[in-house]
Structure formats: C-alpha cells, structure tokens
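Engineer: Each chain is listed here by its residues.
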Amino acid sequence: MAGTASQSALPAPFQDYGLDEAYDEMVAPDGNARPHYEHLYQTLRELPASEFRRRQQISDLSFLHQGITFTVYGRKEGTERIFPNDLLPRIITSDEWSRIEKGLAQRITALNLFLKDLYHEGRILKDGVVPRELVYSCKHFRRQMRGLYVRKDAYVTVAGTDLIRTPSGEFVVLEDNLRVPSGVSYMLVSRQVMKRIFPDLFRQCGVQGIEHYSQALLATLRALAPQGCAEPTIVLLTPGVYNSAYFEHAFLARQMGIELVEGRDLVAHDNFMYMRTTEGLRRVDVIYRRIDDDFIDPLAFRQDSSLGAPGLFNAYRAGNVSLANALGTGVADDKAVYAYVPAIVKYYLDEDPVLNNVETFQMSDAAERHHVLDRLEKYVVKAVGESGGYGMLIGPQSTAEQRDEFRRRVEADPRNYIAQPTIMLSRAPCIIDGKVQPRHVDLRPYILFGEKTTIVPGGLTRVALKKGSLVVNSSQGGGSKDTWVLH
Amino acid sequence: MLSRVAESLYWMSRYLERAEHTARVIKVQLNLMLERETEDDDRHWRRMLKSLAIDLAEVQAGEAQALAKSLIYATDSRSSIVSCVMAARENARQVREQISSEMWEQLNRMFHAVTRADAEEASDVSDFLQAIKDGAHLFQGITDSNMTHGEGWQFIQAGRSIERASALSTLLGVHFREFYGKDAEPEPLEWIGLLRCCTAFEAYCKAYTADLRPNRIAEFLVLNPSFPHTIRFSADALETAMKQIGAEVSSRRSARVERIAGRMQATLAFGQIDEIMSSGLHAYLETVLRQCSQAHSALYQTYIAYPIEAALQAS
Chain A
1 MAGTASQSAL PAPFQDYGLD EAYDEMVAPD GNARPHYEHL YQTLRELPAS
51 EFRRRQQISD LSFLHQGITF TVYGRKEGTE RIFPNDLLPR IITSDEWSRI
101 EKGLAQRITA LNLFLKDLYH EGRILKDGVV PRELVYSCKH FRRQMRGLYV
151 RKDAYVTVAG TDLIRTPSGE FVVLEDNLRV PSGVSYMLVS RQVMKRIFPD
201 LFRQCGVQGI EHYSQALLAT LRALAPQGCA EPTIVLLTPG VYNSAYFEHA
251 FLARQMGIEL VEGRDLVAHD NFMYMRTTEG LRRVDVIYRR IDDDFIDPLA
301 FRQDSSLGAP GLFNAYRAGN VSLANALGTG VADDKAVYAY VPAIVKYYLD
351 EDPVLNNVET FQMSDAAERH HVLDRLEKYV VKAVGESGGY GMLIGPQSTA
401 EQRDEFRRRV EADPRNYIAQ PTIMLSRAPC IIDGKVQPRH VDLRPYILFG
451 EKTTIVPGGL TRVALKKGSL VVNSSQGGGS KDTWVLH
Chain B
488 MLSRVAESLY WMSRYLERAE HTARVIKVQL NLMLERETED DDRHWRRMLK
538 SLAIDLAEVQ AGEAQALAKS LIYATDSRSS IVSCVMAARE NARQVREQIS
588 SEMWEQLNRM FHAVTRADAE EASDVSDFLQ AIKDGAHLFQ GITDSNMTHG
638 EGWQFIQAGR SIERASALST LLGVHFREFY GKDAEPEPLE WIGLLRCCTA
688 FEAYCKAYTA DLRPNRIAEF LVLNPSFPHT IRFSADALET AMKQIGAEVS
738 SRRSARVERI AGRMQATLAF GQIDEIMSSG LHAYLETVLR QCSQAHSALY
788 QTYIAYPIEA ALQAS
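Line by line, the protein sequences give chains A and B.
Here the working numbering is used: position 92 in the first sequence is 92, and no number is missing along the way.
The number in the working numbering is simply the position in the second sequence, starting from 1, with 487 added.
I should point out that these hints are in silico values taken from the structure, not numbers from a laboratory.
Incorrect hints may have been included.
Beta-carbon label-pair distances, calculated as ranges [stated by the list, open to error]:
no.: 1; chain 1: A; residue 1: TYR242; chain 2: B; residue 2: ALA561; range: 56 to 66 Å
no.: 2; chain 1: B; residue 1: GLY628; chain 2: A; residue 2: GLU451; range: 39 to 49 Å
no.: 3; chain 1: B; residue 1: SER610; chain 2: A; residue 2: LYS102; range: 54 to 64 Å
no.: 4; chain 1: A; residue 1: GLU231; chain 2: B; residue 2: GLN781; range: 50 to 60 Å
no.: 5; chain 1: A; residue 1: TYR242; chain 2: B; residue 2: SER610; range: 29 to 39 Å
no.: 6; chain 1: A; residue 1: PRO35; chain 2: B; residue 2: GLY628; range: 45 to 55 Å
no.: 7; chain 1: A; residue 1: ASP200; chain 2: B; residue 2: SER713; range: 31 to 41 Å
Beta carbons: idealized from backbone N, C-alpha and C, even for Gly.
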C-alpha cells in the first residue's frame with residue numbers, strides 16, 4: 001500500500017515527502033491529508049518558503065534569548081545548546097488521546113501499587129508473577145526503603161512515559177520514566193512560542209490547553225505535605241546550574257512560585273529539614289527533587305555526592321519531609337522489569353492493559369538471548385538502567401564491530417540488557433532546510449499521580465532530526481515539536 | 488529569601504556595575520587620548536588602570552596600554568568587561584526564577600553579544616563600550632520597572648551601591664593625588680575627564696557652572712546627595728536598602744549591618760568639603776573604602792554566610 005502511495009506525487013512544498021513503511025501522522029496511505037491535519041496541510045501549501053524561514057527565526061531567537069538550552073555531557077566547547085524546536089505541530093485527535101489517557105492512568109496506578117507491594121509485603125514476588133531475582137538484582141532497588149511509609153502511597157508522583165506509534169497506527173509504550181523525568185518545560189515553552197507563530201492555525205484547529213500543568217503539579221505536591229501541616233513549604237531541589245535540565249528546574253520553580261534550592265541550601269536538624277534564608281532557617285515540608293537517588297543524601301547513599309543534603313533521608317524516614325518522587329522508584333522503570341508491566345497491571349487491577357508494551361526479550365533468559373544474539377542486526381539492544389539514549393545498539397543501523405562489541409557486553413552481563421525488535425516510529429512533517437520533510441517522532445506525556453491522576457493533553461513530541469534516524473533523545477541530535485490534542 | 492539567592496543577586500548587580508564603570512572610564516580615556524601629547528601615553532594609561540584598582544606592581548613601562556586593551560575583551564582577566572558581563576550573567580542564571588524573564592533575557596542578550604567569537608572585530612571599540620553602557624542602563628531600567636521592589640531588589644541595590652561607592656573612592660583618590668595641590672595646574676580637560684568618568688560633567692555645570700575648581704569637583708562627587716554617581720548618593724542608597732532588608736526579614740541580627748551602613752551615610756551627610764580637603768581627601772576616601780568593605784562583610788555575616796548555630800539560637 002505504501003508503495004502505491006509514494007508514486008502519487010504530492011504537491012509543493014511536499015515534493016520530498018515520499019511515504020514509506022512507517023505510519024505517517026499527516027498523510028494517509030492514499031496520499032491525502034488525514035482530516036485532523038487538513039488545516040495544517042492547507043497552511044503549508046499556501047505559506048511561501050520565506051515565511052517559514054522568518055517564523056523559524058522568530059522561534060529560534062525566542063528560545064536562545066530565554067536561555068532554553070540543555071547541556072551536552074562530555075564535550076568541552078559549546079556545552080550549552082539551544083533545544084531545536086520544529087515549527088510544525090504534531091496533531092492528535094481527541095479519540096486517540098482519550099485512549100492514551102486511560103492507558104496511562106491505568107499504568108501509573110498499577111506501578112504505584114507495585115512499588116508499595118515491593119517495599120512492603122512483596123505479594124507479587126511470593127506469587128511468582130515477577131521473579132524475585134529480577135527485582136533484587138536491579139541497581140535502582142533501594143533496600144533502605146523497605147517498610148518505610150510513603151505519604152499517600154504515592155511513590156511515583158511525576159512520570160513521563162514514552163509512547164511510539166507503530167506502522168499499524170497503534171500507540172504502544174516504549175518505556176516509563178519514573179525517577180526524575182524531564183522535558184515538561186519544553187512542552188510548555190514550545191506551546192507559548194507556537195501560539196505566537198501560528199495564532200490563526202491554532203484557533204482553527206481547536207487545541208486543548210496545557211497551561212494548567214504548573215498548578216496541577218503544585219496541587220499534587222501540596223497534597224503530599226506531612227500529616228498536620230496545613231500550609232506546607234514546598235521547594236524544588238536541583239543539582240544546580242550545571243545540570244542539563246537546569247532551565248527546566250528554574251522554569252518550574254518560577255511557574256509554581258516555590259523556592260529553587262540546591263543541596264547546600266538545605267540543613268538537617270533533629271530530623272527536620274530547613275533551608276538557609278536571609279531570615280535564618282526555615283522549615284521545608286515537601287521537596288520536589290530533581291536529583292537522582294544516588295546523590296540525594298551522602299549519609300544514606302553515595303558518600304561522594306556533593307549535590308545532596310546530608311541528613312535528608314533520616315528526616316524522610318521520620319515522616320517530617322515528603323519527597324516527590326519517592327526514593328527507589330527506579331526499580332519499576334528498569335527495562336527488564338518493563339516486560340512485566342502488563343502482568344503487573346493484570347495482577348493489581350485485574351484489567352487488561354489499554355496500552356500495549358513493545359515485545360521485549362530478556363537477555364538473562366538463555367533461550368531469548370540466543371535468539372537475539374543470532375540476529376542482532378534486527379534488534380535494538382538497551383542497557384536496563386540507562387536513559388537518554390546512552391548505552392544502546394540499534395541493530396539495523398549498526399556496524400559489524402558495534403554488534404560484536406555488544407554481543408560481548410551482553411554475554412558478560414546478561415541481566416543488564418534487554419532487546420526489542422526495531423520498530424519504525426511514526427513520522428511527522430517537519431521543516432528542514434525550508435522544505436517539508438518527514439522525521440520520526442515519539443510522544444512523552446507527563447502524568448501526575450496523587451489524590452487524583454492528572455495528565456495534561458499532549459506532551460513532548462520528540463523528533464529525530466537526522467534523516468532516517470530513530471533516536472529522538474536531545475543528547476543524540478533530537479529536537480522537539482509542540483503537540484496539539486484537538487477538542 | 489534563600490541566602491544563596493541573595494548572594495547571587497548581590498553579585499550580579501556588582502559585576503554589572505563594574506562592567507559599566509570600566510566601560511565608561513576606558514571610553515573617556517580613549518577620548519582624552521585624542522587631544523594629549525603622545526609621549527605621555529604610558530603615564531595616562533597607568534593612571535587609568537590605577538583608578539580602576541588594577542595592581543600595577545608587575546607592569547613594566549610601556550605595557551600599560553596593552554593591559555588596558557585587555558581590560559575590555561580578555562576572558563582570562565577577571566577584571567575585564569567581558570568577564571564581568573559573564574560573571575553577572577552566571578549569577579543571574581543561578582537565580583533566574585527569582586528575577587523577571589525580561590531581566591534575564593536582557594542580560595542573556597548582552598552576554599551573547601559580548602561573547603560572540605568575533606566581538607572584537609565586529610564593532611569598533613567605542614561602539615562596543617557604548618553598547619555595554621546602554622545594555623547596563625537597559626537592564627537597570629527593566630529591573631526597576633518589572634521586578635518586585637522587595638528583598639531581592641534591595642540586594643541588587645545594595646550590590647550596586649557598594650560597588651559604586653568603592654569604585655568612585657578609588658577613582659577620586661587616584662585623580663586628586665595626581666592633580667590636586669601641585670604647582671602645575673592640570674589642564675581643564677583632565678578635570679572634565681574625571682567628571683565624565685562619573686557621567687557628572689553636565690550635572691556639575693548645572694550646580695556650579697562650567698567653572699572647574701577642584702574643591703567644588705570634590706564636593707560634588709563626594710557629597711552631592713541628589714546625583715546618582717556620587718559617593719553620598721550611593722551611601723544613601725545602601726542605607727535605604729539595608730533598612731528595607733532589615734524590615735523585611737525581621738531578624739534581630741540585622742542591627743549590625745544597618746548600623747554600619749547608617750554610620751557611613753551619616754559621615755557623608757554631615758561632611759564639610761573644606762574640612763575634608765584640609766585634613767586630606769585621600770585619608771577620607773580611604774575611610775569610605777574601609778566602610779564599604781565593612782558593610783560588605785556585615786551583610787555576608789548577617790544574611791548569607793551565617794553560622795547555623797547562630798540561626799538555631801535565634802529561631
């Protein structure tokens with residue numbers, strides 16, 4: 001079907017927009033624009049190329065001047081780069097969205113029950129649904145959290161789940177980010193910019209708002225306040241200005257009107273947390289932490305951490321301060337545990353998962369390992385505890401040496417790897433060099449879990465800006481685009 | 488307000504004031520060079536460097552001009568204008584959720600303009616210096632017009648006032664030591680240059696006419712209460728900022744820093760220029776410098792780097 005479609009030539013400026021086997025967000029297999037893309041399609045046909053360039057400049061400048069940059073690790077020069085933002089929105093219908101929303105709410109509820117169970121009775125392990133050794137061998141499992149009461153049982157308060165669309169058009173979950181997911185500020189800023197650049201289009205399409213994210217996040221954090229604390233002091237704990245997501249930390253703190261603190265601003269005394277202010281010490285009740293577990297308290301975790309606050313874990317254990325997310329949530333987004341999420345949903349909620357997983361092979365299983373290692377060029381191999389596109393092999397785009405290297409690594413430490421079939425991510429139109437070209441995209445919606453579950457409509461659509469690339473991470477040449485969920 | 492935030496706002500403001508002051512002094516100097524005898528160049532450059540509190544002990548004869556040039560663009564010298572803008576922006580970056588977006592964007596724009604790889608070739612020196620002055624003025628205007636005039640804004644005022652008072656004291660000290668009380672009266676041009684370094688030439692003329700007399704110049708730059716680039720004005724601003732901060736934080740510990748700022752303000756408010764000149768302007772300016780550094784330390788000890796034990800007892 002794709003073959004016939006690519007022969008029917010598309011009108012300007014779509015000459016370079018041939019269809020292939022991937023699902024195209026804008027163009028249906030018959031070569032016509034999908035109904036919800038009709039307005040954008042018309043706008044693209046009418047707008048001259050010079051106008052695209054002008055609007056792209058406005059967008060880039062506004063990102064540069066606002067200092068919306070991310071830090072690339074391991075490079076000395078130009079470490080601060082602007083986040084490339086593509087001009088064209090990615091559009092999702094309200095029907096598609098309501099299924100995503102339902103699926104994500106179900107998933108986060110089950111994962112929170114799973115975490116509570118793991119760190120208390122461990123029923124799911126006793127019943128053999130999830131193998132015990134898989135959990136205990138996970139490097140993000142925190143035995144310090146055993147038996148510790150987490151306020152409202154909200155382990156994962158903020159999650160970012162990566163969804164991709166398969167060639168059949170179905171949204172599936174690629175991975176969950178349950179530790180300190182980032183990127184939500186790009187979603188919010190890119191919306192502000194889009195409203196300025198395409199005001200008419202925005203109105204014509206009828207887009208659901210996302211501006212209430214900060215209020216929703218604040219309300220979620222407020223609900224975590226320790227018992228008996230009516231007006232909690234909430235702070236956002238950042239590793240500091242050199243962290244790749246510092247812009248986002250500052251942005252969210254300002255949007256919520258809370259203090260942005262670093263580890264050195266916090267002082268523990270008698271199992272309470274305080275921050276150093278010009279007035280003296282002030283009690284802190286809820287910490288939205290954007291520091292990894294390992295670095296948050298040198299007395300409880302890594303001793304060489306200079307980013308955290310000594311004594312924080314004791315105050316947390318005493319129930320005098322709440323953390324969002326709780327510590328030890330990384331065990332549930334381990335890529336090997338990921339394969340069990342459908343079973344976890346079934347176990348706790350007795351429902352079938354609304355959103356499916358991608359088929360996943362455990363390298364610790366000898367039969368699955370042999371199956372994959374014999375056909376490495378067909379699979380994507382990932383280290384289970386990594387994120388950001390680091391530690392990953394994309395079979396079809398790899399060289400023989402890279403595959404040998406990974407084969408050795410997998411055989412040396414099978415528990416540390418999983419494999420998934422290479423999936424063609426769906427494609428969306430982007431403006432590249434003044435022309436409309438297709439690029440692969442994913443979707444990361446942000447889920448807030450507390451007294452109720454809030455998911456603002458849309459999320460961050462990440463784009464692999466290199467032609468043909470399937471890697472969307474910002475550290476690997478990815479960009480973003482605004483996501484419009486229609487009414 | 489977090490102590491770290493107060494510290495960053497204070498330094499952001501000091502560094503930007505320093506960049507602006509350095510830019511103005513160099514610009515005036517370049518202008519004066521046009522009308523001076525060329526054989527005196529080295530002496531003039533040396534004086535300018537000294538008036539910016541640059542240590543000249545290591546500097547050989549003839550090197551002063553090159554050093555002065557490096558005060559504009561060099562990123563390896565912490566006193567250069569570019570370094571000051573970078574430091575101001577770095578401090579702002581650490582507290583960008585505390586300042587308004589417009590403030591951040593303006594400072595970020597300045598940073599990108601001065602750190603462009605071709606900044607040195609792209610524009611001539613005079614335009615570059617003018618752009619720094621304009622940028623700093625714009626930043627100050629934005630700060631005054633859309634930041635809450637609360638505690639954070641007061642720390643910005645405190646930083647600027649302390650920086651300005653100490654820079655003016657150094658500048659005046661160096662110039663009066665060289666020009667004043669010598670047998671050969673300096674050219675009027677040099678006095679105009681000094682006033683211009685403080686943007687004060689027009690204001691001085693309004694107050695005293697264009698009749699340039701050293702005593703009046705000293706009186707104007709040290710004691711005038713209503714012109715912003717004078718020591719007295721800066722001391723008033725510092726005292727106000729300290730009082731406002733003290734009122735906002737309601738901490739008993741703030742008494743000391745308020746007293747120090749108040750004493751400095753009072754010394755200037757009740758000063759008489761003829762007494763100051765007869766007992767020595769230089770010694771007087773030394774006292775001002777010492778009081779500035781006392782105010783700085785007291786501010787640190789009270790609001791920023793206080794010992795935890797003290798805070799626990801107080802609360």
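Engineer: Of all the hints given earlier, name the ones this structure violates by number, lowest first.
Structural biologist: 1, 4, 7
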